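Using the sequences and the hints, build the whole thing.
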Amino acid sequence: MAFIQGLFKTSVARKNIMAVTGLFTAFFLVIHLVGNLILILPDSFFPIEFWDNVASQHDMYNAYSHFLVHFWPISVVAWILYAGLAIHIIDALLITLTNWKAKGEKYVKSDNSTSTWYSRNMGILGIIIGIFIVVHMGQFWLKYKVLGTEHDLYDLVVGTFKQTWVVVFYEIGIIALGFHLAHGITSAHRSLGIHPKSIMNVIKYIGLCFAVVMAVLYGIIPLIIYFNN
Amino acid sequence: MKITLKIWRQDSPKSKGKLETFHLDGVEDDMSFLEMLDMLNEQLATEGKRTVEFDHDCREGICGQCSLVINGQAHGHESHYTTCQTHMRSFKDGQTIFIEPFRAKAFPVIRDLKVDRSSMDRIIQAGGYISAFTGMAPEANSIPIHHNISESAFDSAACIGCGACIATCKNSSAALFMSAKVAHLAKLPQGQVERKERIAWMVNAHDEEGFGSCTHTGACAMVCPQEVELLDIARMNYEYNRALCSTN
Ligand code: HEM
Ligand code: FES
Chain A
1 MAFIQGLFKT
11 SVARKNIMAV
21 TGLFTAFFLV
31 IHLVGNLILI
41 LPDSFFPIEF
51 WDNVASQHDM
61 YNAYSHFLVH
71 FWPISVVAWI
81 LYAGLAIHII
91 DALLITLTNW
101 KAKGEKYVKS
111 DNSTSTWYSR
121 NMGILGIIIG
131 IFIVVHMGQF
141 WLKYKVLGTE
151 HDLYDLVVGT
161 FKQTWVVVFY
171 EIGIIALGFH
181 LAHGITSAHR
191 SLGIHPKSIM
201 NVIKYIGLCF
211 AVVMAVLYGI
221 IPLIIYFNN
Chain B
230 MKITLKIWRQ
240 DSPKSKGKLE
250 TFHLDGVEDD
260 MSFLEMLDML
270 NEQLATEGKR
280 TVEFDHDCRE
290 GICGQCSLVI
300 NGQAHGHESH
310 YTTCQTHMRS
320 FKDGQTIFIE
330 PFRAKAFPVI
340 RDLKVDRSSM
350 DRIIQAGGYI
360 SAFTGMAPEA
370 NSIPIHHNIS
380 ESAFDSAACI
390 GCGACIATCK
400 NSSAALFMSA
410 KVAHLAKLPQ
420 GQVERKERIA
430 WMVNAHDEEG
440 FGSCTHTGAC
450 AMVCPQEVEL
460 LDIARMNYEY
470 NRALCSTN
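Here the protein sequences come in this chain order: A and B. As numbered in our numbering, residues 1 to 229 make up the first sequence, in order. As numbered in our numbering, residues 230 to 477 make up the second sequence, in order.
Just to be clear, a hint being listed does not mean it is correct.
As the list claims (entries may be wrong) - The list that follows gives simulated cross-link-like pairs (lysine to aspartate or glutamate, EDC-like), each with its CA atoms no further than 20 angstroms apart:
hint, chain 1, residue 1, chain 2, residue 2
1, B, LYS245, B, GLU282
2, A, LYS197, B, GLU380
3, B, LYS235, A, ASP111
4, B, LYS343, B, GLU282
Treat the hints as calculated values from the structure; they're not laboratory data. It should be emphasised that the depicted structure is a prediction, and the values quoted were computed from it without experimental measurement.
Okay, structure coming up:
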């Protein structure tokens with residue numbers, strides 16, 4: 001019993017859960033990115049003699065999405081991911097509520113120069129990301145996988161990114177994600193208890209690089225599609 | 230120099246407080262911040278008014294009794310200084326200075342700038358100690374310990390318990406304060422006996438006192454007069470997970 005409580009209930013345990021679910025989602029981001037980079041690779045990247053039934057970027061992307069839907073282990077991981085995200089959000093809510101309760105009266109004069117704005121606003125960045133995820137899944141996941149109203153995912157994606165508001169909306173969501181990760185990756189390792197200075201100095205750097213690379217690579221996909229069409 | 234002070238005044242824990250403005254003339258560069266407040270209080274006393282209450286003791290940066298949030302920063306804008314070690318030369322002539330008490334639910338205001346920080350004592354009482362024979366101090370070399378480890382333990386042990394980390398934290402978390410003690414004792418052989426229980430006792434006490442959860446913004450370590458490191462918090466989280474995983 002004490003073990004179970006220790007795993008979930010204290011201020012330290014809650015941060016552990018935040019960290020594990022956050023890092024798992026971050027790992028998913030890498031896989032998700034690799035698949036979607038197909039969208040911006042040139043056709044010459046997919047020579048007929050090398051890939052079965054694939055002669056273009058269009059074929060390759062649809063083959064990839066077909067694989068995602070029909071290979072069952074992927075579905076299992078996907079459901080773990082949805083659960084992880086849900087736990088991440090619920091835990092964020094619990095932590096935020098406790099932290100609000102812990103606060104005393106507001107300072108009349110405050111000075112925030114001792115920390116970065118994004119580290120103080122993880123919740124707000126998270127809400128932006130959350131809205132993004134809902135719209136994003138509504139646009140593709142729902143239509144292609146759940147309702148099955150769309151069969152050519154490539155056409156659906158390219159069609160969607162022809163709209164200016166969609167591209168702007170994606171850029172906002174992706175920038176928010178970049179900042180969330182810029183603090184989150186390092187913070188998660190600290191939450192999990194990694195404390196040797198030599199290791200944490202490297203992780204701080206890797207976390208920042210990871211955030212920038214994710215934001216830039218995700219960010220250019222809608223832009224390239226938009227300007228190519 | 231001439232300064233304007235906006236000081237938090239509050240009669241009792243339950244009453245409503247507000248900022249009160251004072252003008253002070255003839256403040257000297259080499260006065261400490263607390264001496265400047267003494268000067269104000271002397272004036273108020275001569276005028277028959279109630280003096281401004283604030284905490285202090287050693288006035289040499291070692292006891293952790295002085296507090297105050299000065300212009301929005303715990304212990305003022307000079308990093309890693311206590312309020313008592315802050316001097317008026319770091320302010321400008323004619324400047325307006327806001328002085329507020331340390332804020333957190335677990336730090337109720339007693340009067341004016343004085344707050345009750347006994348919640349921190351209760352965290353230490355819960356587990357921030359070791360089992361030891363009382364009596365004569367033991368021979369210092371009877372427990373061999375690597376120099377680097379003793380230095381590192383001392384860096385954590387240097388915490389003076391002022392509470393600036395908590396006052397600064399957007400979550401009012403006492404993580405840095407608590408972790409300094411956890412890290413200090415976990416690094417030393419004397420701390421091993423209660424190592425596993427200590428972390429549970431202290432974290433539970435921390436949560437019961439109503440402190441928040443750390444989100445690693447790092448603001449605490451920026452204001453800490455003793456430069457306790459942010460990584461002590463990671464060390465504490467390690468101790469927590471280690472205790473969870475150990476079976477006995
Ligand atoms: C639905 C939207 C989301 C919300 C509401 C949300 C909210 C939060 C909040 C409030 C925190 C705690 C702040 C802190 O620890 O400093 C946090 C931490 C974190 N988030 Fe999110 N987040 C969301 C989505 C994501 C996504 C999509 C990822 C990954 C790609 C992610 C990765 C992380 C990581 C790694 C941490 C650090 C955990 C730690 O400090 O231990 N989050 N999130
Ligand atoms: S009065 Fe002792 S540390 Fe400032």
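How the hints compare with the structure:
Annotation: proposed proximity of LYS245 (chain B) to GLU282 (chain B) holds, straight-line Cα distance about 16 angstroms (limit 20 angstroms). Under the criterion of a C-alpha separation no larger than 20 angstroms, the hint pairing LYS197 (chain A) with GLU380 (chain B) is consistent with the structure, at around 15 angstroms. At roughly 16 angstroms between alpha-carbon atoms, LYS235 (chain B) and ASP111 (chain A) fall within 20 angstroms of each other, so this suggested pair holds. Of the supplied pair hints, the one linking LYS343 (chain B) and GLU282 (chain B) holds, its CA atoms being roughly 6 angstroms apart against a limit of 20 angstroms.
Of the hints listed earlier, there is not a single one the structure fails to meet.
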